[in-house]
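Take a look at the letters that make up each chain.
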Amino acid sequence: QKEVEQNSGPLSVPEGAIASLNCTYSDRGSQSFFWYRQYSGKSPELIMFIYSNGDKEDGRFTAQLNKASQYVSLLIRDSQPSDSATYLCAVKEAGGGNKLTFGTGTQLKVEL
Amino acid sequence: EAQVTQNPRYLITVTGKKLTVTCSQNMNHEYMSWYRQDPGLGLRQIYYSMNVEVTDKGDVPEGYKVSRKEKRNFPLILESPSPNQTSLYFCASSFVDSPLHFGNGTRLTVT
Chain R
1 QKEVEQNSGP LSVPEGAIAS LNCTYSDRGS QSFFWYRQYS GKSPELIMFI
51 YSNGDKEDGR FTAQLNKASQ YVSLLIRDSQ PSDSATYLCA VKEAGGGNKL
101 TFGTGTQLKV EL
Chain Z
1 EAQVTQNPRY LITVTGKKLT VTCSQNMNHE YMSWYRQDPG LGLRQIYYSM
51 NVEVTDKGDV PEGYKVSRKE KRNFPLILES PSPNQTSLYF CASSFVDSPL
101 HFGNGTRLTV T
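Residue numbers (the numbering used here), protein chains in the order written: chain R, 1 to 112; chain Z, 1 to 111.
Because the hints were derived from the structure by calculation, they are not lab data. A hint or two may mislead.
Stated by the list, open to error - Cross-link-like lysine to any residue pairs, in silico, SDA-like; alpha carbons within 25 angstroms at most:
#1 R:Lys42 <-> Z:Phe95
#2 R:Lys56 <-> R:Leu75
#3 Z:Lys57 <-> Z:Pro8
#4 R:Lys42 <-> Z:Gly105
Unchecked claim - Covered stretches of chain R (chain Z as the covering partner; in silico rule of three or more C-beta atoms under 8 angstroms from a C-beta of chain Z):
#5 16-28
#6 53-59
We put the CB at the ideal spot given by N, CA and C, even for glycine.
Please take these sequences and the hints and turn them into a complete structure.
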C-alpha cells in the first residue's frame with residue numbers, strides 16, 4: 001500500500017511568519033509531487049508541483065523535494081490569514097497513469 | 001471558462017435508490033477520475049479513465065460504476081447506495097502527466 005503521510009495539525013503561525021508543511025511518501029518510484037490547498041467544504045486547488053530534487057519557488061510559496069529521504073515540503077512566506085486552509089500533499093506514481101495518492105492534509109491556521 | 005462541472009452539489013437519498021452524479025469538463029482532457037473524501041481518510045480514488053471507453057478501478061471501487069462514452073463526460077453511478085457511501089465526492093480531470101483540476105464537489109448523504 002503506497003502511503004503519503006502528513007501531520008494533521010493544526011499548525012498555527014502568526015501573520016507574517018513562515019509556515020512549513022511537511023510530507024513523506026513510501027513509494028521510491030514516485031515521480032511527481034503536488035501541493036493542493038483546500039478551504040473547508042471546497043474543492044482542492046493546485047498550489048505547486050515539483051518533479052526534481054531541490055527547491056521550486058512561486059511567489060510566496062516554495063516547494064522542496066528530497067527524493068533520497070522521500071520527503072517533500074511546502075514553505076509559505078509572509079503567511080496571511082487567507083492562507084488558513086488544509087494543505088494536501090499528493091504523489092504521482094511512476095507508470096500509474098495520472099493517479100495521485102493524497103495525504104490526509106495539514107490544517108494551517110494563520111493568526112492575527 | 002475552463003472548468004470541471006459536477007451535479008448535483010448536494011444529494012440526500014435513501015438506501016438502495018440508484019443515483020448518478022454527473023461530471024463534465026470543457027478542457028479536452030483525456031484523463032478523468034473520481035475521488036471520495038472522508039474525515040481522517042483523505043481523498044481516495046474510486047475510478048479513473050485514460051480516454052473514451054477506457055476505465056479502470058481505483059483504490060475504493062466497490063459499489064460504484066462509471067462510464068466514458070464521450071471525452072467530456074464521466075458520470076459516477078451508484079446502483080444501490082448504502083450509508084457507508086455517504087461522503088464528499090470530487091471529479092477531476094487533466095491532460096496525461098499534468099496536474100488534476102477538480103470539480104466543486106458533491107456532498108452525498110445516504111440514509
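Right, here's what the structure says about each hint:
About 22 angstroms separates the Cα atoms of R:Lys42 and Z:Phe95, which keeps this hinted pair within 25 angstroms; it holds. Proposed proximity of R:Lys56 and R:Leu75 is supported: the alpha carbons are some 10 angstroms apart, at most 25 angstroms. A C-alpha spacing of about 23 angstroms is found between Z:Lys57 and Z:Pro8, which places the hinted pair at or below 25 angstroms, so the restraint holds. Between R:Lys42 and Z:Gly105 the CA atoms are separated by roughly 7 angstroms; this keeps the pair inside 25 angstroms, and the hint holds.
Counting residues of the segment 16-28 of chain R whose C-beta lies closer than 8 angstroms to any C-beta of chain Z gives 0; at least three are required, and the coverage claim is violated. Counting residues of the segment 53-59 of chain R whose C-beta lies closer than 8 angstroms to any C-beta of chain Z gives 0; at least three are required, and the coverage claim is violated.
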